[in-house]
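2 protein chains.
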Amino acid sequence: MSLDFGPATGLSCRECGARYPLGPSFACLECFGPLEAAYSFGAVSRADIEAGPANIWRYRSLLPVPEDVADKPNMNPGWTPLVKAGNLGRKLGVKSLYVKDDSANPTHSFKDRVVAIAVEAARNFGFHTLSCSSTGNLAGAVTAAAARAGLDACVFIPAGLEAAKIAMARVFGGRLIGIEGSYDEVNRFCSELIGDPMGDKWGFVNVNLRPYYAEGSKTLAYEIAEQLGWRLPEQIVIPVASGSQLTKIDKGFKELVALGLVEDTPYKIYGAQALGCSPVSGAYKAGHDVVQPVRPDTIAKSLAIGNPADGPYVLDIARRTGGAVEDVTDAEIVAAIRLLASTEGVFAETAGGVTVGVLKKLVETGQLDPDAETVVLNTGDGLKTLDAIADGAAPTAVIRPSLDAFRATV
Amino acid sequence: MSLDFGPATGLSCRECGARYPLGPSFACLECFGPLEAAYSFGAVSRADIEAGPANIWRYRSLLPVPEDVADKPNMNPGWTPLVKAGNLGRKLGVKSLYVKDDSANPTHSFKDRVVAIAVEAARNFGFHTLSCSSTGNLAGAVTAAAARAGLDACVFIPAGLEAAKIAMARVFGGRLIGIEGSYDEVNRFCSELIGDPMGDKWGFVNVNLRPYYAEGSKTLAYEIAEQLGWRLPEQIVIPVASGSQLTKIDKGFKELVALGLVEDTPYKIYGAQALGCSPVSGAYKAGHDVVQPVRPDTIAKSLAIGNPADGPYVLDIARRTGGAVEDVTDAEIVAAIRLLASTEGVFAETAGGVTVGVLKKLVETGQLDPDAETVVLNTGDGLKTLDAIADGAAPTAVIRPSLDAFRATV
Chain A
494 MSLDFGPATG LSCRECGARY PLGPSFACLE CFGPLEAAYS FGAVSRADIE
544 AGPANIWRYR SLLPVPEDVA DKPNMNPGWT PLVKAGNLGR KLGVKSLYVK
594 DDSANPTHSF KDRVVAIAVE AARNFGFHTL SCSSTGNLAG AVTAAAARAG
644 LDACVFIPAG LEAAKIAMAR VFGGRLIGIE GSYDEVNRFC SELIGDPMGD
694 KWGFVNVNLR PYYAEGSKTL AYEIAEQLGW RLPEQIVIPV ASGSQLTKID
744 KGFKELVALG LVEDTPYKIY GAQALGCSPV SGAYKAGHDV VQPVRPDTIA
794 KSLAIGNPAD GPYVLDIARR TGGAVEDVTD AEIVAAIRLL ASTEGVFAET
844 AGGVTVGVLK KLVETGQLDP DAETVVLNTG DGLKTLDAIA DGAAPTAVIR
894 PSLDAFRATV
Chain B
494 MSLDFGPATG LSCRECGARY PLGPSFACLE CFGPLEAAYS FGAVSRADIE
544 AGPANIWRYR SLLPVPEDVA DKPNMNPGWT PLVKAGNLGR KLGVKSLYVK
594 DDSANPTHSF KDRVVAIAVE AARNFGFHTL SCSSTGNLAG AVTAAAARAG
644 LDACVFIPAG LEAAKIAMAR VFGGRLIGIE GSYDEVNRFC SELIGDPMGD
694 KWGFVNVNLR PYYAEGSKTL AYEIAEQLGW RLPEQIVIPV ASGSQLTKID
744 KGFKELVALG LVEDTPYKIY GAQALGCSPV SGAYKAGHDV VQPVRPDTIA
794 KSLAIGNPAD GPYVLDIARR TGGAVEDVTD AEIVAAIRLL ASTEGVFAET
844 AGGVTVGVLK KLVETGQLDP DAETVVLNTG DGLKTLDAIA DGAAPTAVIR
894 PSLDAFRATV
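Residue numbers (this note's numbering), protein chains in the order written: chain A, 494 to 903; chain B, 494 to 903.
Just chain A, same shape as in the assembly (with noise of 0.2 Å):
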């Protein structure tokens, strides 16, 4: 089998430093450590990129995908807006607000970003089958990617999902299977499954595919810089499930201050939770390295790990760049969900109103710069979340067709 992961070289420990050949693996044989993609970047120009496709694709020379990449059937996510949030920010007394709004991918979370690198590595692996753990928007993004790859889905959600979430799950056909239990539950099931003899040939994005999965959060890194000039910005605040998309983050400005495409300034990287699921800001607040793990219970499912994979490193990158990890409640995140849609026109998940009510709550606390550059993110869509806003769901008022009966409303 010839591999082709264009700048990607092997697979390295992120513990250890063990080498690994590029290859269906996620922990190390040494010290079980999680193992990531290495790479032997070539010379890469702000104008190459520029060039490119506006998707992830136009960062193709800096992800483990071949250099062909998009020839293939896929959803192409990504290059979704950098929103000015200047109405937001003069709530929040924030001076320079962005939003980074990934509602705008294919299927409306940032998980097409991950998935779309994950069918690039099962069809490498020549894997028939798309799998995963999710907690709603990634079965939504693995069956979509499925169906235009035409490979076979089979995703696993805890059964408890949101109606829109398992409805979008399921209408791009394959298999969807509700698990009785947490998203933790569904998690070690497919550790499960991948070593039985049924998961054979099965790509599962976050688990066997994870190294390469994983590298598609980066593209957040270099979006947000490119869309603000080629910079870095001072201050951004970011969602913590497993923690991946963080610390995923923070390599990527890494990488663009590495191949010299900005300047190296100092950031500040935040991460929000929901106090319903907290493990990683309870660990902050208590000053602790490893997290203990929480039975979770919020609203906002899509971050309901009550056991992050990578919640150290969390803890380890908010520390050493000056950030912080803040939690906030579900009615907080519902306050925040209508504030953000009333000042920005942007209709974000419950995860956003988890990011935008921590970013107030930083500002409020003192815990971040109002007048430092500060970008937000929304990962996910509103239109999955109704229940979150029920109340209030409804019109003003309704009326019969007169102007009588409206001048009566106002």
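Mixed in with the good hints there might be a few duds.
Which copy is meant is left open, because identical chains are indistinguishable; a pair holds if it fits in one copy or across any two.
In silico lysine to aspartate or glutamate, EDC-like type, Cα no more than 20 Å apart, as pairs [what the hints assert, rightly or not]:
hint, residue 1, residue 2
1, 694, 862
2, 577, 561
3, 577, 564
4, 694, 809
Since the hints were made in silico from the structure, they are not lab data.
Owing to the predicted nature of the structure, the values given are computational and were not obtained by experimental measurement.
Could you slot chain B onto chain A? The hints should help.
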């Protein structure tokens, strides 16, 4: 008041050609015909356009907007994917098929395009409130755009719309008024309101701002041609509600030819309606030039306009270009939504089920050439019309987290 509408120099009557100055006018004082924007275009090259932003403002020199439009707070819609639909094409027997997927717009329908232009008109005329009559998508596009632009919003919908569309139209703030009646009654009510002091300084995007608003649909034609490598498609299938979008896509193609941006190659335009609201396809099949109003009864609520203002123009364009107007049943709409999703990973709202269903029917009845390059429009998002696919929107199976339980499902 100094107006800046870029290349637009006035309004002209589509029927009698009478000219009017730029203003919030929409009907000819001579013959009551609809007014549309008239331009004096300067020289525009492909390179100028390609150097622009990845949204509709790359075409600002062909739209009634100021040159600096991209610097103002606006939703910046457009440059949505033209998906090469190889899987769907094989299923339908269409050799070269593309889906123009406008669900990728900020509020996930093509309405963001038209509203973005109307916002600039509202600014020009000093209006403080943005309004509309809407079948759902427009209401969300207007309230979102008003939030970002810092305008008030008051929008009017039939009270019986889909829950997701109501929730979305409300979350951005402003007033959302449900009218007891059909869209056509909502529309008549808005026309009354414009003449009343209550509606003073209000911009009804699809009434008194319609000559500007409607021009936004031209950008669909521009994008399709540019994304095909600066040429016109041979066949295009477009949904018909009021008919405005179809007429403006035709206008956009003609402008590109006149400006020398594409070759003058023939194209056929097909209109698509739901059988439950098919006044235009009914007239087409009966060989009539005028359209008899109907009372809509279809799941395709975004197309449920029983008295379509541009119906006669649609008939003329379909006949002149060698296209057709066809309709499909609600069951065919649902089947087409599933077909598009499972082949291309694109989750369309009911209007997208109408265009894909009509495409299928046109092929089967020999009205469309399966060997000619074809574009089909998806103008909205499946997450807004979840009821249409409620059957089969549950997991394939719900199981305990064990391999044995999973084995039993296989």
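Query - Hints that the structure is at odds with (numbers, increasing) - result: 1 and 4
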